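If you're matching them up, the sequences are chains R and L in order.
Sequence positions in the first sequence follow our numbering and run 64 to 177.
Sequence positions in the second sequence follow our numbering and run 6 to 117.
None of these hints come from the bench; they were simulated from the model.
No experiment lies behind these values; they were computed from the predicted model shown.
One or more of the hints may lead you astray.
DSBU-like mimics (lysine-lysine), calculated; alpha carbons at most 35 Å apart, straight line [unchecked claim]:
id: 1; chain 1: R; residue 1: 134; chain 2: R; residue 2: 77
id: 2; chain 1: R; residue 1: 134; chain 2: L; residue 2: 84
id: 3; chain 1: L; residue 1: 84; chain 2: R; residue 2: 77
id: 4; chain 1: R; residue 1: 120; chain 2: L; residue 2: 84
id: 5; chain 1: R; residue 1: 72; chain 2: L; residue 2: 84
id: 6; chain 1: L; residue 1: 50; chain 2: L; residue 2: 109
id: 7; chain 1: R; residue 1: 72; chain 2: R; residue 2: 133
Spelled out, the chains give:
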Amino acid sequence: NAGVTQTPKFRVLKTGQSMTLLCAQDMNHEYMYWYRQDPGMGLRLIHYSVGEGTTAKGEVPDGYNVSRLKKQNFLLGLESAAPSQTSVYFCASRTSGGISYEQYFGPGTRLTVT
Amino acid sequence: RKEVEQDPGPFNVPEGATVAFNCTYSNSASQSFFWYRQDCRKEPKLLMSVYSSGNEDGRFTAQLNRASQYISLLIRDSKLSDSATYLCVVLRPSSGYSTLTFGKGTMLLVSP
């Protein structure tokens, strides 16, 4: 099991460029999440999905879009990158059943927007 | 008041010391609580869940005080490998219990 993987690991964008971050999980989890982590700010939820074909806004959704066309994949898009979107992006997933709310995280994508 | 608040530290302790972190949360309807550990430039990983009666896992003890709305983590006999940032995490009732709120973390540095 690879767990949660993220592509790419690093990226540098110029202001105004677009890109898509890919998150994939092989644990058959229903719930998936995108977070950003900035120094002094902690982890903040961008968008999340509670199942294939569903998405919902988190705490800081502006400037991002997401899609969950397949259960195992959750895509995060930046349509027009801004320097304020320089951050480390983490994807996570968890099962919907049982009593465990544990989220499993991917290794992160380090994005710099110049 | 922020949803989850932690002292950012750093806490500098020698090997073998006992150290405790506290965290406060604002939503009295919160039901589930966790401590995650995050190593430098790595992803967060679940350290332990926090149960109402308190729970222990080896050198780690977590406690919950609902009346005062705080959670604690005690680490005994600190090891160099315990150096990390510890994140206090609360399950959000307002999201139908589908999302977590993370504190900003408390940094622990254990020295020889």
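A quick look at each hint next to the structure:
1. R:134 to R:77: 31 Å, holds
2. R:134 to L:84: 40 Å, violated
3. L:84 to R:77: 43 Å, violated
4. R:120 to L:84: 40 Å, violated
5. R:72 to L:84: Roughly 30 Å separates the two Cα atoms, so the pair holds.
6. L:50 to L:109: 15 Å, holds
7. R:72 to R:133: 21 Å, holds
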